[in-house]
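Residues per chain, in single letters:
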Amino acid sequence: MFARLPDAAHLRDVVDIIVDGTAVVARAGDTVAAALLAAGFERCRTSPVGGAPRAPFCMMGVCFDCLVTIDGIGSQQACLVAIAPGMRIDTQRGARAIDGAAA
Amino acid sequence: MNNIDVAIVGAGPAGLAAATRCREFGLDVTLFDEQPAPGGQIYRGVTRSPLQDPSVLGQDYWDGAPLVRAFAASGAGYVNDATVWSVVAANGGVTLGVAAGVPAARTAHMIDARAVILCTGAIERPFPIPGWTLPGVMTAGGAQILLKTAGVVPQGRTVLAGCGPLLWMLAWQYLRAGVAIEAILDTTPRWRMAQALGHAPDFARSPYFAKGRELVRTVRRNVRLVEYVSALAIEGEVAARSVRYRVDEREHTLAADCVLLHQGVVPDVNLAQAAGCSLAWNDLQACFAPATDAWGGTDVAGIYVAGDGGGIAGALAAAPRGRLAALAVANVLGRISHATRDPIARHDRADVATSLRGRAFLDTLYRPTDTFRLPSGATIVCRCEEVDAQTIIALARQGCAGPNQMKAYVRCGMGPCQGRFCGLTVNALIAREQRRDPADVGYYRLRFPVKPVTLTEIAAVPTTAEAVKSVVRP
Numbered sequence: 001m002f003a004r005l006p007d008a009a010h011l012r013d014v015v016d017i018i019v020d021g022t023a024v025v026a027r028a029g030d031t032v033a034a035a036l037l038a039a040g041f042e043r044c045r046t047s048p049v050g051g052a053p054r055a056p057f058c059m060m061g062v063c064f065d066c067l068v069t070i071d072g073i074g075s076q077q078a079c080l081v082a083i084a085p086g087m088r089i090d091t092q093r094g095a096r097a098i099d100g101a102a103a
Numbered sequence: 001m002n003n004i005d006v007a008i009v010g011a012g013p014a015g016l017a018a019a020t021r022c023r024e025f026g027l028d029v030t031l032f033d034e035q036p037a038p039g040g041q042i043y044r045g046v047t048r049s050p051l052q053d054p055s056v057l058g059q060d061y062w063d064g065a066p067l068v069r070a071f072a073a074s075g076a077g078y079v080n081d082a083t084v085w086s087v088v089a090a091n092g093g094v095t096l097g098v099a100a101g102v103p104a105a106r107t108a109h110m111i112d113a114r115a116v117i118l119c120t121g122a123i124e125r126p127f128p129i130p131g132w133t134l135p136g137v138m139t140a141g142g143a144q145i146l147l148k149t150a151g152v153v154p155q156g157r158t159v160l161a162g163c164g165p166l167l168w169m170l171a172w173q174y175l176r177a178g179v180a181i182e183a184i185l186d187t188t189p190r191w192r193m194a195q196a197l198g199h200a201p202d203f204a205r206s207p208y209f210a211k212g213r214e215l216v217r218t219v220r221r222n223v224r225l226v227e228y229v230s231a232l233a234i235e236g237e238v239a240a241r242s243v244r245y246r247v248d249e250r251e252h253t254l255a256a257d258c259v260l261l262h263q264g265v266v267p268d269v270n271l272a273q274a275a276g277c278s279l280a281w282n283d284l285q286a287c288f289a290p291a292t293d294a295w296g297g298t299d300v301a302g303i304y305v306a307g308d309g310g311g312i313a314g315a316l317a318a319a320p321r322g323r324l325a326a327l328a329v330a331n332v333l334g335r336i337s338h339a340t341r342d343p344i345a346r347h348d349r350a351d352v353a354t355s356l357r358g359r360a361f362l363d364t365l366y367r368p369t370d371t372f373r374l375p376s377g378a379t380i381v382c383r384c385e386e387v388d389a390q391t392i393i394a395l396a397r398q399g400c401a402g403p404n405q406m407k408a409y410v411r412c413g414m415g416p417c418q419g420r421f422c423g424l425t426v427n428a429l430i431a432r433e434q435r436r437d438p439a440d441v442g443y444y445r446l447r448f449p450v451k452p453v454t455l456t457e458i459a460a461v462p463t464t465a466e467a468v469k470s471v472v473r474p
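Line by line, the protein sequences are chains V and R.
Position 99 (the first sequence) corresponds to 99 in the working numbering; numbering is contiguous.
Position 166 (the second sequence) corresponds to 166 in the working numbering; numbering is contiguous.
Since the hints were derived computationally from the structure, they do not count as laboratory data.
Here the structure is a predicted model, which is why all the values come from computation and not from measurement.
Just so it is clear, CB atoms sit at the ideal spot from N, CA and C, and this is done for glycine as well.
One thing to keep in mind: the hints can contain errors.
Stated by the list, open to error - From the structure, some residues in chain R lie toward chain V, with a derived Cβ separation under 7 Å:
#1 Glu34
#2 Pro36
#3 Gln41
#4 Gly136
#5 Met138
#6 Gly142
#7 Gly151
#8 Gln155
#9 Leu254
#10 Ala255
#11 Cys258
#12 Phe421
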């Protein structure tokens, strides 16, 4: 659904992250949301109320549709967090778990 | 950092200019911003965009770089990746609750300042149509941020829908970047131009006019434009697959993998409103904005608002509005006299006036129609709590007193976005059903934290002996 312009891809270093347990290639300077979209992820969570699929919508920290689990911390706004090497990202199903474990 | 003269929230043009001006008068100022780099949304990532061909984003974008450079050289404090979740004015000062850092090591701090300038900017106006929550649907502003910060663009069949300058700008940038656009579905009704024409002479003298005209011409020449769209629905099971639209009572369907929506922007009022600042209804712009004096001062002592967060006036007006607020603060804090303040202010006001030229034309031409502000049936109004239009309408008909009682009944506006994407829709639906003025219906009463903060983060805030005494049993 989304792809990176070749011009933009060449200028930035490759950064390896892990999404749902699988290695994914991102670029330095990406937010988590940009990295997920560029890597072809169509959704980042299902909604807590109706279980509907959701994806990043506003990209500016307002809508909270891009919530994911980052390094074990649930319901983080993917559009506000910059990726880091080895970062572990998990897409969410429904509401986050509150017992300390990732949802 | 915990005890400063001035705190500024938001690193867009208003915040950058306000901080820089504060430093000119020797004030100890720190700017807190939610993004990784300064620029706000309009100049998002301007110091680190991966697009090295400057012609893709256009000169107006790169014009933001000098603001960032001046700010960086000013000696102002700067905290990025920082969310301000509360602002409380008391005892002649202001206390900010701030959470900063990466998710795994995020900590909260309480910052005491003598004054705060809120430069929270604009957010996309809600666009409640069927299917607007589906993956593959994004705001045009969000898509533009992806382009600016990561060079990421839609693939496949891309449709832009709605109205407003940003929609044209994004289409133009996509053309420059070589992104294929299936169609633009323009929701501006036929009769709007007649309404706006009275303001056209003023717009012809606007700094936006010549560029805007050229941009619209280029897009019209290269993209299929469907005008006078009077209904929109996005279809798909788990993601957008097509857009259904109506023109002159005829229905059409267009296959689409990516639908980018936009019908203008509105002020992000959450922080100001929760801090106790009164809001005022702007009927032409169909939104609420904090009520301010000519300096951006609100009705809460010590709290100022500048830039689009104080009412939509655009990027060029935001910087001088930030400078005006900084002047007022410098005066109130005793750094400059009225005699120093006022001549400088005249220049800033002239800059604001120049950039506001023609604004009435744009506001009138692109005021979204009721069709796209007042959803019906099962269309979702509150994206977080998944409350649909028919539920809101039924309760409004039964006499629900306003947005706050609506919250108590169905939880609309009580999810993590705290009403940012449903507040204006709920207001509009209640106003229509009860034949009341939107100003009278009012907005959600917002409370802190305006964005989620964890108990772990709050627990890390240093406590005073009094605070411990007030909750610990002897």
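Verification of the hints:
1. The interface hint given for Glu34(R) holds, since its Cβ lies 5 Å from the closest Cβ of chain V, which is under the 7 Å cut-off.
2. With a least beta-carbon distance of about 5 Å to chain V, the hint placing Pro36(R) at the interface is held under the 7 Å criterion.
3. At about 6 Å, the closest approach between the beta carbon of Gln41(R) and any beta carbon in chain V falls short of 7 Å, and the interface hint on this residue holds.
4. Taking 7 Å as the C-beta contact cut-off toward chain V, the hint placing Gly136(R) at the interface holds, the least distance being around 6 Å.
5. With a least beta-carbon distance of about 6 Å to chain V, the hint placing Met138(R) at the interface is held under the 7 Å criterion.
6. Proximity of Gly142(R) to chain V holds as hinted, the smallest CB-CB distance being about 3 Å (cut-off 7 Å).
7. Look at Gly151(R): its Cβ gets to within about 2 Å of chain V, closer than 7 Å, so that hint holds up.
8. Checking Gln155(R) against chain V by beta carbon gives a least distance of about 5 Å; that is within 7 Å, so the hint holds.
9. Violation of the interface hint for Leu254(R) is found here, the shortest Cβ-Cβ separation to chain V being roughly 16 Å, above the 7 Å cut-off.
10. Hint status for Ala255(R): violated, given a least beta-carbon distance of 13 Å to chain V, over 7 Å.
11. A cut of 7 Å between beta carbons decides the hint on Cys258(R): the least distance to chain V is about 6 Å, and the hint holds.
12. This hint holds: Phe421(R) has a C-beta 6 Å from the nearest C-beta of chain V, less than the 7 Å allowed.
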